[in-house]
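**Student:** Now for the letters of each chain:
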Amino acid sequence: MSVSRLQGTLDRGAIAVTAEIGPPRSCEVERLRAMARALKGSAHAFNLTDNQAANVRMSSIASSVICLQEGLEPVMQMTCRDRNRIAMQSDVIGASALGIRNVLCISGDHQTFGNHPQAKNVYDLDSVQELMVLRRLREGANWAGEPLAEPPQLFLGAAANPFADPFEHRVTRLAKKVEAGAQFVQTQCVLDLDRFRRFMALVVERGLHERVHILAGAIPLRSHKAALFMRDKVAGMSVPDEVIDRLRRAADPKEEGIRLCVETMQELVSIEGVHGVHITAIAWEDVVPRLVREAGLTP
Amino acid sequence: MIIAERKPLPEVLEMLEGAKDVLVLGCRACTAICLAGGEREAVEMREALSLHSELKGKGWSVSALTVERACEREFLSPIEGHTGTVVSMACGVGAQVVQGLFPSLRVVPGVNTSNMGAPEGMGVFVERCAGCGDCIIHLTAGICPLARCAKGLLNGPCGGSKGGRCEVSPETPCAWEQIVRGLEAQGRTDLLEAIIPPRDWRPSRSGGPRRIVNAEAAPGPAQREWRGED
Chain A
411 MSVSRLQGTL
421 DRGAIAVTAE
431 IGPPRSCEVE
441 RLRAMARALK
451 GSAHAFNLTD
461 NQAANVRMSS
471 IASSVICLQE
481 GLEPVMQMTC
491 RDRNRIAMQS
501 DVIGASALGI
511 RNVLCISGDH
521 QTFGNHPQAK
531 NVYDLDSVQE
541 LMVLRRLREG
551 ANWAGEPLAE
561 PPQLFLGAAA
571 NPFADPFEHR
581 VTRLAKKVEA
591 GAQFVQTQCV
601 LDLDRFRRFM
611 ALVVERGLHE
621 RVHILAGAIP
631 LRSHKAALFM
641 RDKVAGMSVP
651 DEVIDRLRRA
661 ADPKEEGIRL
671 CVETMQELVS
681 IEGVHGVHIT
691 AIAWEDVVPR
701 LVREAGLTP
Chain B
26 MIIAERKPLP
36 EVLEMLEGAK
46 DVLVLGCRAC
56 TAICLAGGER
66 EAVEMREALS
76 LHSELKGKGW
86 SVSALTVERA
96 CEREFLSPIE
106 GHTGTVVSMA
116 CGVGAQVVQG
126 LFPSLRVVPG
136 VNTSNMGAPE
146 GMGVFVERCA
156 GCGDCIIHLT
166 AGICPLARCA
176 KGLLNGPCGG
186 SKGGRCEVSP
196 ETPCAWEQIV
206 RGLEAQGRTD
216 LLEAIIPPRD
226 WRPSRSGGPR
236 RIVNAEAAPG
246 PAQREWRGED
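Protein chains in written order, with the working numbering: chain A, 411 to 709; chain B, 26 to 255.
Just to be clear, a hint being listed does not mean it is correct.
What the hints assert, rightly or not - Sample of chain B residues facing chain A (criterion: CB under 8 Å; computed from the structure): (1) C183; (2) G189; (3) L216; (4) E218.
Keep in mind that the hints were calculated from the coordinates and are not lab data. Quick caveat: nothing in here was measured; it's all calculated off a predicted structure. Note that beta-carbon positions come from the ideal geometry of N, C-alpha and C, so glycine has one too.
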C-alpha cells in the first residue's frame, strides 16, 4: 500500500522525479504559491527544505501545506538540528494530520553556517535515530512505546552523500539508514559521475537498491563560477575539472549548464539501482520543468 | 582535565568596578596545566590589576594566592581572613566552591571554563569528553563522537566530512573519520554496521544537575550521626 504518489511511483518501478523548493525567508505566501503553480506537474513530489543552510525561512511544515493546497505533493524535510524527539514526533503527527506523507530525515547543516551562528543546536537524535523514531510512529507507537489510536501515514526518506569522506564507508551509513527505516534516499547532487558510479556499484553489491529507492541528485549550474563555488565552498561536493572547463568555455554558460544537467539526469537514471532523480535548482527553481521535459522524465 | 582560558583583561576590570580589596586566586590543578590560571597567571593578573589601579587611581589593594585545588574545600583555608573580591583563576567549579565556603566574598571569574580535554601540543588543548554520563567509546574506537563531532552524531559521518576534516572548522579532524580509521586499526569495522539507538540523556546534563554518590565512600547513617551530620 502506498501512502503517497512518490511511494506509488517508486513501488511500481517507474522513474520518479523530485525537486527542491526553498521556502521564502518571510511570509511571502503568494510567491510560494506562484512558484508551486509554475512547478506543478514537473515532478512527482517537491522537497520543502527545513531552514536550509541553517538560515531562518518559512517552516517546512507550513510550506508543505501551502504546496498541498496548490496540488503539489510535498516531501517535508526535518533536521535533527532544531528539534528533540518530542518536537519531532509532535510535528510529524501534525504534518500527517495535515496531509503530508513524505518526510525526509536529515542531520541538518550546522548552525554556524547560517544566519544565527550563536544558536544552540539540539541533536537529541541523529538522522539514523530519527528514522527509527518515525518508523515506530508509523507502525503505531510513539518512541515511549505508547500505542497511537491513529498513527501517522508516512513514507520515510533519508539523504546520502556519495562525495563526502570516508568514501568506502558511505555505503555502510546508507545501509544503517535503510535498516533504521528509510524507504527512499535522495543523494547529494552528482557532478562527478565516475565517483557516483563507484558508489552505486557498492550499493548494488550490498543489495541495498532492492531495499530502498534511490533518487540521484542533479543540479543545474549557471556558470563555471557556480561550479567553482560548489567545489570550493560546499563541504562534501566533488566537481570534476571537465565540468568547470565545459562551463567556462561555453558561449552561453546558462544554456550549457542546462544541457549538462539534462545529460547528467539521463545518465543517472541509466545506472543500475537508481530509481529516480532529485533536482536541486537553488534559487533557480523555475528551470525545473524544462530540465525534466528535456530529459524525457516528465511524470 | 578541565580546560579554561583567561578572560580578556578589560572584562575582568569591568567586573572589579567599585572593588577595594582584590584577591587573585590561582589553582595548581587543571587551570595551571592549561596555562590559564596557575600561580604564574595569578601573579601576572595581580601585576596587571595593580598597575591598572595605580594608573587609573582605583585604590585597589591587590594580592595573589595559589591553592593546590580550588575545587576541594580542604585546600581553601588560606583564603580565610580575606575580604572583598576574589578573581578566580580556577575553573568554574573551583570558583563556586570558594564562593560556597566564603559567602561574604564576591567571587568573579578570571577565566572562561571551556571543556574536559587534553593537551594536543605546546599550548594547544582539545576537547575529549562531553560528560554525558553514559560512556560508549568502546563502540567508537575510543573516540567520543558526542564530544568530538560538531553534531554529536552517533551513527557515522555527516555529509560534510571531507579529507578527514570537519566542515564546521577545518582545524578540527572529523571525529567519524578518526573512528573509522581507529576501528580499521582494531579490526572492528563490524561496529560501523551496528546502529546506536536513541540515547537516554538522563545521566547527562539534560537530566538536571548531577549528583554522584559513591556508596563505598559516602558515610552511612551511623557515621553521619557520629559526625554530627543530618
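**Student:** Against each hint, give a clear statement of whether it holds in the structure.
**Tutor:** We went through each hint and held it up to the structure:
no., hint, result
1, C183, "5 Å, holds"
2, G189, "7 Å, holds"
3, L216, "10 Å, violated"
4, E218, "6 Å, holds"
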